[in-house]
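J.: Quick note, the sequence shown lines up with residues -7 to 127 if you use the numbering used here.
Worth flagging that the hints you see were computed from the coordinates, not collected in a lab.
Take these hints with a grain of salt, some might be off.
Derived Cβ-Cβ restraints for the label pairs, each shown as a range [said to hold, decoys possible]:
1) Y105 with Q27: 18 to 28 angstroms
2) Q27 with S101: 36 to 46 angstroms
3) K109 with V33: 42 to 52 angstroms
4) E49 with H98: 26 to 36 angstroms
5) H30 with S101: 39 to 49 angstroms
6) I59 with E93: 41 to 51 angstroms
7) N(-6) with H98: 18 to 28 angstroms
8) Q97 with L119: 17 to 27 angstroms
9) T63 with G22: 42 to 52 angstroms
10) Y66 with E86: 36 to 46 angstroms
11) Q9 with S101: 34 to 44 angstroms
12) V33 with T1: 11 to 21 angstroms
13) K109 with G22: 20 to 30 angstroms
14) A87 with Y66: 12 to 22 angstroms
The beta-carbon is built from N, C-alpha and C at its ideal position, and this holds for glycine as well.
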Amino acid sequence: MNRFILNITASSGEFYQGNCENLVLPIGDGVYGVQAGHSPVLVALHMGILHFDADGESRDVLVGDGIAEVTPSYVMVLVDSAERPEDIDKNRAEAARIRAEERLQHKQSMHEYYQSKIALDRAMQRLQTAAKYKR
């Protein structure tokens, strides 16, 4: 099977670099698939599950918003955050959800409101992902 180099970098640092056979990126209206030899394109990513196959093994990564640069031989993924579903701390995600919901109950500036909505969306996505990938 044809391969390409995949590099996933989060704001905290490099998350993964290596060969990849197949990649599915989360985008605003669904998913975007990539294989070796893909035409060059920039893709806006939304928080969700990034799925890829490497060395005969399927892997899933919960990624935050970002972009992906796709070329025929490599894909560079730059995201706010990246974590394996099995590494999600459900208690911490639940506490973040509660905090975000409490902040939304108070009068806030528009900026604070949107920050609270983003925090709530992220906490909910983490909880849903953790529930789907139970250990």
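J.: Honestly, which of those hints from before does the structure not fit?
T.: 1, 3, 4, 6, 7, 9, 14
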